[in-house]
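*Asks:* Below, each chain spelled out in residue letters.
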Amino acid sequence: MIKYGHWFLALLLSCASVPALAENDQANPDFETLVQQLPQGNLRDRMATIEALVSSDDERLLNLLTALRNNDLLADDGEPPRVARRRDGQVFDVLSGELLLDDTVETLSRVPVNNMMRRQLQTTIARLSLNNDSPQVRYRAVRQMISDGVDADIIALLRERDEIETTLLVSNAIETAFALHRLDSDNPQTRLSAVERLRGSLESEARNSLRRLAENDEVTEVREAAAEALQSIEGRVTFYRAVESTLFGLSLGSVLLLAAIGLAITFGVMGVINMAHGELIMIGAYTTWMVQQLFPGLIEWSLLIAIPSAFVVTALVGIAIERGVIRFLYGRPLETLLATFGISLILQQAVRSLFSPLNRSVTSPEWISGTLTINPVLSITYTRLYIFIFGLMVFFALLLIMKKTALGLKVRAVSQNRAMARAVGVRSSWVDALTFGLGSGIAGVAGVALSQITNVGPNLGQAYIIDSFMVVVFGGVGNLWGTLVSAMSLGILNNYLEPWTGAMLAKVIVLVLLILFIQKRPRGLFPQKGRAADG
Amino acid sequence: MKLKKLMKKAGMIGAACGLAFSALTAQAETIKVGVLHSLSGTMAISETTLKDTMLMLIEEQNKRGGLLGKQLEAVVVDPASDWPLFAERTRDLIEQHGVDVIFGCWTSVSRKAVLPVIEELNGILFYPVQYEGEESSRNVFYTGAAPNQQAIPAVEYLMEEMGIERWVLAGTDYVYPRTTNRILEAYLKANGVADSDIMINYTPFGHSDWQNIVAEIRRFGSQGKATAVVSTINGDANVPFYRELGNQGVSSLDIPVVAFSVGEEELSGMDTGPLEGHLAAWNYFMSVDSEENKAFIEKWHAFIGDKSRVTNDPMEAHYIGFNMWAQAVEKAETTDVDTIIDTLVGIKVPNLTGGIAEMLPNHHITKPVLIGEIMDDGQFLVVSETDAPVPGQAWSPYLEGSKDLIADWTDPVNCGNYNTVTNTCLGAEAQH
Chain A
1 MIKYGHWFLA LLLSCASVPA LAENDQANPD FETLVQQLPQ GNLRDRMATI EALVSSDDER
61 LLNLLTALRN NDLLADDGEP PRVARRRDGQ VFDVLSGELL LDDTVETLSR VPVNNMMRRQ
121 LQTTIARLSL NNDSPQVRYR AVRQMISDGV DADIIALLRE RDEIETTLLV SNAIETAFAL
181 HRLDSDNPQT RLSAVERLRG SLESEARNSL RRLAENDEVT EVREAAAEAL QSIEGRVTFY
241 RAVESTLFGL SLGSVLLLAA IGLAITFGVM GVINMAHGEL IMIGAYTTWM VQQLFPGLIE
301 WSLLIAIPSA FVVTALVGIA IERGVIRFLY GRPLETLLAT FGISLILQQA VRSLFSPLNR
361 SVTSPEWISG TLTINPVLSI TYTRLYIFIF GLMVFFALLL IMKKTALGLK VRAVSQNRAM
421 ARAVGVRSSW VDALTFGLGS GIAGVAGVAL SQITNVGPNL GQAYIIDSFM VVVFGGVGNL
481 WGTLVSAMSL GILNNYLEPW TGAMLAKVIV LVLLILFIQK RPRGLFPQKG RAADG
Chain B
536 MKLKKLMKKA GMIGAACGLA FSALTAQAET IKVGVLHSLS GTMAISETTL KDTMLMLIEE
596 QNKRGGLLGK QLEAVVVDPA SDWPLFAERT RDLIEQHGVD VIFGCWTSVS RKAVLPVIEE
656 LNGILFYPVQ YEGEESSRNV FYTGAAPNQQ AIPAVEYLME EMGIERWVLA GTDYVYPRTT
716 NRILEAYLKA NGVADSDIMI NYTPFGHSDW QNIVAEIRRF GSQGKATAVV STINGDANVP
776 FYRELGNQGV SSLDIPVVAF SVGEEELSGM DTGPLEGHLA AWNYFMSVDS EENKAFIEKW
836 HAFIGDKSRV TNDPMEAHYI GFNMWAQAVE KAETTDVDTI IDTLVGIKVP NLTGGIAEML
896 PNHHITKPVL IGEIMDDGQF LVVSETDAPV PGQAWSPYLE GSKDLIADWT DPVNCGNYNT
956 VTNTCLGAEA QH
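Sequence order for the protein chains is A and B.
According to this note's numbering, the first sequence holds residues 1 to 535 in order.
According to this note's numbering, the second sequence holds residues 536 to 967 in order.
Treat the hints with care, since some could be wrong.
[Unchecked claim] Cβ-to-Cβ under 8 Å is the rule here; a few derived chain A residues that face chain B:
1. Q40
2. N42
3. L43
4. N71
5. R223
6. A227
7. Q349
8. A350
9. R352
10. A463
11. L493
12. T501
[As the list claims (entries may be wrong)] Not the full set, but computed from the structure, chain B residues with beta-carbon under 7 Å of chain A:
13. T583
14. M694
15. G698
16. E700
Honestly, the hints are just simulated from the structure, not real lab data.
All values reported here derive from a predicted model rather than from experimental measurement.
The beta carbon of each residue, even a glycine, is placed where N, CA and C say it ideally should be.
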């Protein structure tokens with residue numbers, strides 16, 4: 001990468017036509033004055049300074065601009081100001097490169113940038129990072145160039161890269177850039193060949209340029225070719241949109257699955273209508289926040305620590321609720337409903353009084369953020385991907401517990417016939433408490449996942465309680481597989497309806513369909529069969 | 536009838552008790568200030584801070600010797616985010632506690648619930664939150680922004696400074712976003728934006744699955760024209776919205792989002808990394824560099840005992856409102872409601888951004904409009920500021936039904952919805 005750095009700077013320099021500065025890299029007075037000028041003045045002055053910096057030649061430029069872009073550039077109010085940049089938690093002087101001590105760092109404050117400057121920086125950084133080691137970074141650099149507009153200089157840069165590029169994603173993007181450039185050619189034949197090349201390209205700039213050509217080109221042949229190419233692109237886009245909707249649906253489904261699966265145990269297997277289920281999820285999410293507060297140095301690991309902690313905390317809360325309230329109310333669903341509703345209000349207000357009514361900010365670790373780009377119209381966010389996998393893992397773990405362990409056997413026995421189970425020596429009250437604890441613990445684990453996509457605040461639980469009951473009832477009470485299928489199908493249904501009807505109406509339609517379905521099949525998708533179901 | 540009598544009796548007993556109590560504690564008579572903010576329920580997240588702000592302002596005033604030689608006494612009630620309860624609590628405050636002024640409400644629906652009560656009992660309400668306009672009551676003073684002090688200048692900024700040509704108006708499905716978006720749509724069309732370049736989207740309260748909508752916004756924004764989102768998305772739905780934007784790789788450079796309901800307080804509960812560079816339009820930012828603001832933040836930190844707490848726009852509105860009321864009381868040398876209502880118009884007090892706020896005859900105030908970019912530390916970088924304070928308009932000139940209306944509570948008009956074409960006052964009935 002360093003090998004090419006000089007080359008690029010030289011090129012940037014020639015674009016800007018200030019060749020006199022190229023002589024001495026090491027002590028570049030203009031560069032140093034400009035750097036010291038950077039923190040001063042208002043935003044407009046700063047933009048002009050960056051403009052000038054870009055055309056100065058110094059090997060510290062990329063680091064300086066990247067630091068500015070990432071808010072890692074600091075300065076004090078001195079005359080001239082000391083300019084420093086933060087890297088890996090340490091602060092270095094930009095000009096001398098020396099490591100600064102803590103008491104110096106305290107006098108520094110950040111050099112603010114605004115959107116216009118960020119755009120300016122991004123364009124420059126894209127040029128400087130075309131030879132980055134990561135294909136995703138290179139791809140983004142090319143994308144940035146395409147969206148900034150392709151001119152002859154960029155084409156020259158890209159041609160250089162194209163010769164050594166090995167990743168298909170990147171070289172395809174480079175090809176697209178070439179073709180986009182050729183679309184503006186004066187020669188109709190060149191334009192035609194470019195249109196041919198762009199057939200099937202999913203870049204939005206390609207589509208927009210083709211649309212422009214299909215409407216305005218002076219040569220009929222080109223117009224027709226462009227229109228045809230556009231049509232084939234639209235076909236592919238429609239296909240990928242359907243794929244996207246399905247993925248979104250599965251992702252929403254996995255969130256619903258996580259929220260509902262604990263309820264599938266407490267409500268589905270034990271028959272307890274637990275209105276405080278949402279608040280157990282909330283407690284799980286707050287546990288994640290607590291973990292991040294307690295171990296501020298371990299943000300990257302915080303979720304992995306939070307999963308067992310949330311399980312234990314919410315399981316204990318669940319057992320306390322079961323022992324303290326619910327066990328006195330078995331067989332009286334209405335009273336259980338009211339009592340647990342009361343508990344949910346108490347828990348909400350307790351969190352409000354204890355922590356504050358404000359939302360808590362849970363940080364997303366680096367490895368869970370970001371997007372996996374498959375092509376320009378289809379990308380999956382890592383958060384959603386992980387939540388999907390995590391949802392399935394929790395599901396199968398639970399399935400295993402219910403089918404293969406002694407606890408699972410006892411739980412099923414008690415839920416099928418309490419008297420008979422007791423007669424063969426199962427301590428039914430003990431099993432009740434453990435089952436409720438298990439269901440609650442899983443709700444807490446769901447809270448850890450939800451903390452990554454939604455607010456962590458006192459109202460978190462309320463948002464999910466209705467959906468959770470919907471999923472369990474639709475899937476068939478007491479059937480774990482039913483919960484899985486119903487969560488996924490409700491998620492997909494919602495996401496297919498949403499683009500047509502809007503979010504509000506989609507929710508209404510799903511609810512109405514559900515009511516109609518329950519009218520027809522009151523026991524849900526997969527009703528329990530046999531004598532147990534009649535009890 | 537019977538009930539009314541009973542209520543009156545209860546009110547008298549309450550008043551008597553109050554008198555007896557104050558006599559017992561051998562205190563001089565106090566001036567009572569009602570604080571009507573939800574301390575529990577969903578709105579507690581925003582309103583609790585305003586209650587604390589009011590307590591701080593009242594404490595400050597008392598340290599300076601109170602008003603008219605009397606101490607101020609805060610009467611705090613909790614309407615619990617329940618709209619009908621707002622009306623009931625207002626009745627309690629005026630009839631039982633005999634407060635001279637009320638500072639309160641957050642959502643428009645709570646203000647609408649209070650409106651008939653405060654008019655019937657002839658009280659004063661200071662309302663500190665930006666709202667959709669289309670209202671002016673003799674008994675309410677609107678210290679938050681009207682649409683022409685927030686929404687319109689923000690859109691102007693995007694249009695002129697950032698060259699935005701396509702618009703997504705995204706909001707939560709209730710009265711404030713719907714009215715604001717109606718005004719904005721009319722404004723955009725008046726400025727030559729085509730129908731096909733405006734996308735309007737409403738979502739339910741607390742919406743959390745934004746995948747589809749963000750994907751749609753991304754597609755809408757990839758048609759080769761600069762696109763921006765004007766967001767009236769409320770409260771809790773914002774975090775998942777911005778997260779999804781960040782996750783799908785939509786940065787503020789591709790499609791900037793300008794929000795009217797996201798301030799420092801909301802940001803303090805978010806992971807602000809993915810929000811960087813998105814915009815918000817307010818009349819005050821905590822990061823504004825002025826003497827008044829520095830002093831205010833210092834007092835706030837001392838009062839709340841927590842250096843990490845932020846200040847926000849509605850807090851400034853209460854600061855302005857309270858100071859205006861205090862000044863009016865001193866000027867009129869009474870707390871009599873009718874006198875104060877008349878005295879308040881024309882009162883000028885300094886705001887926190889280094890300017891002067893004036894109470895206008897339509898019961899709105901003059902405010903500077905600031906556009907800020909969100910920084911990753913949860914504060915705003917001011918990128919644009921109006922040269923002069925903008926006077927608040929109760930009725931939008933861009934809407935069919937309201938463009939001929941003005942509000943003016945001074946003689947000779949004395950009407951909240953005066954039609955300048957037919958020269959008639961539509962009266963209070965038309966408002967409710």
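*Asks:* Decide, hint by hint, whether the structure agrees.
*Replies:* For each hint, the structure was consulted:
no. : hint : in the structure
1   : Q40  : violated, 15 Å
2   : N42  : violated, 10 Å
3   : L43  : holds, 7 Å
4   : N71  : holds, 6 Å
5   : R223 : violated, 18 Å
6   : A227 : violated, 17 Å
7   : Q349 : holds, 6 Å
8   : A350 : violated, 11 Å
9   : R352 : holds, 6 Å
10  : A463 : holds, 5 Å
11  : L493 : violated, 12 Å
12  : T501 : violated, 11 Å
13  : T583 : holds, 5 Å
14  : M694 : violated, 15 Å
15  : G698 : violated, 11 Å
16  : E700 : violated, 13 Å
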